[in-house]
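Enquirer: Listed below, chain by chain, are the residues.
2 protein chains.
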Amino acid sequence: MEPKVTVDVVIFTVEDSELRVLLIKRSKGPFKGCWALPGGFIETDESLENAAKRELFEETGVRDVYLEQLYTFGDPKRDPRGRVITIAYFALVKAKKVVPKASSDALETKWFPAHDLPELAFDHGRVVQYAMKRLRWKLEYTTVGFQLLPKKFTLTQLQKVYEIVFNKKFDKRNFRKKILSLNLIKPTGNRTMGVAHRPAELYSFNMRIGKIVEIL
Amino acid sequence: MEPKVTVDVVIFTVEDSELRVLLIKRSKGPFKGCWALPGGFIETDESLENAAKRELFEETGVRDVYLEQLYTFGDPKRDPRGRVITIAYFALVKAKKVVPKASSDALETKWFPAHDLPELAFDHGRVVQYAMKRLRWKLEYTTVGFQLLPKKFTLTQLQKVYEIVFNKKFDKRNFRKKILSLNLIKPTGNRTMGVAHRPAELYSFNMRIGKIVEIL
DNA sequence: ACAAAAGTGTTGAGAGTACACCCATGC
DNA sequence: GCATGGGTGTACTCTCAACACTTTTGT
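Residue numbers (my numbering), protein chains in the order written: chain A, 1 to 216; chain B, 1 to 216.
Please note that the accuracy of each hint is not assured.
Remember, identical chains collapse to one label, so a pair may be satisfied in a single copy or spanning two.
With a straight-line Cα cutoff of 30 Å, these simulated DSS-like cross-link-like pairs (lysine-lysine) come out [to be verified]:
1) 77 / 211
2) 96 / 77
3) 28 / 138
4) 32 / 177
5) 28 / 178
6) 4 / 77
7) 152 / 25
8) 172 / 4
9) 172 / 110
10) 160 / 96
11) 138 / 169
12) 211 / 168
These aren't lab readings, by the way, just hints derived from the structure by calculation.
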């Protein structure tokens with residue numbers, strides 16, 4: 001008896017000073033009506049990464065975002081239908097690009113605050129916890145954080161992303177000193193406009209979009 | 001058409017000042033007669049981790065060693081028989097404990113130097129490369145290194161493990177200062193005996209066997 | 001003028017790195 | 001007594017953390 005294989009994707013974004021996860025309300029199968037991670041069975045002749053990209057696109061309409069394999073969950077009892085193994089991925093998207101859509105699997109698709117999730121189907125609660133641990137690690141030791149921001153961004157926006165993910169404040173001067181010393185971003189010469197205070201310099205990431213650097 | 005699912009285990013040890021990987025010579029199926037990682041199909045009602053432990057025990061006769069999930073490889077073309085997804089694990093064992101055995105899958109079981117491997121079946125070459133990257137990382141940021149040593153060990157033995165895995169020399173004084181400042185090990189009061197030079201203090205790991213600590 | 005966020009330097013503590021000699025034992 | 005690995009301290013550099021005020025804009 002062969003097991004079935006699915007991919008599930010933990011899709012993160014930062015919006016309104018909050019870390020959010022995209023969930024779907026299941027329209028069929030076990031846990032019908034329950035919130036769950038977007039995902040589905042892999043197709044023949046489709047690599048695991050492509051399956052994850054396909055699921056991501058079906059739920060959010062975005063392509064070309066940061067995506068990495070997270071962990072494979074295979075407890076024999078994790079799905080009441082029988083043996084189902086899931087390869088979990090995690091993705092970072094820019095909030096504005098996403099148009100959550102309903103699909104054949106989902107009655108509804110919605111962003112939830114990562115720190116206040118509903119009960120999830122299967123072992124998806126554990127999967128999200130694991131993804132958040134990985135996200136913190138990645139933000140600390142690589143440049144994935146830029147994936148959550150638009151092409152041009154202010155240092156304050158960047159700092160906010162870090163503060164939201166780590167759920168703690170950083171010192172403004174130290175943060176800026178550290179970031180600038182890494183030579184990963186450069187000022188564009190443009191500034192924010194129409195704000196009721198001093199305008200901020202807009203920076204851009206030096207690397208080609210999607211390139212992730214380890215900063216150990 | 002459901003995919004098949006296997007687990008493969010990259011088993012490392014350190015012996016004779018060398019990092020080694022355990023390989024089997026395949027007795028059947030594709031790549032018959034070729035060297036490959038130990039592994040096999042998962043059984044119904046067996047968790048992924050238990051499947052990996054079972055494979056490890058079948059090939060080496062050891063239990064209760066360090067084992068962690070590495071990555072899942074699922075390229076549609078990785079196995080000529082059809083769609084086979086493999087969940088790779090990596091394990092660290094103490095060389096002396098292992099009695100490589102032949103098994104139903106293997107004509108022969110042998111340790112190979114990690115830096116001089118033969119051509120491997122499937123995509124196992126890539127799997128081993130990935131495992132070595134993870135091993136270096138783990139050794140740098142956690143205490144898994146102790147898994148490769150006997151209960152009592154000298155600081156020089158410990159340093160050798162690090163030098164072998166990283167393939168570079170460390171300064172003796174700095175290494176000892178660093179290790180001792182972490183308070184992970186304590187002197188046992190015993191010393192090496194019968195050596196043609198000054199005997200060395202034997203240390204032991206503070207934590208219960210198998211406990212891994214992050215040292216970020 | 002006032003509210004609101006942008007921007008900017010210095011100091012002290014701790015960690016990492018480089019480096020050379022004496023010690024205890026077996027033969 | 002000599003060969004072999006065991007064991008030890010100091011000085012410099014660099015990174016991280018703590019800390020407060022001035023600037024620019026819109027209203």
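Enquirer: Taking each numbered hint in turn, which are not upheld by the structure, reported in ascending numerical order?
Expert: 2, 3, 4, 5, 7, 8, 9
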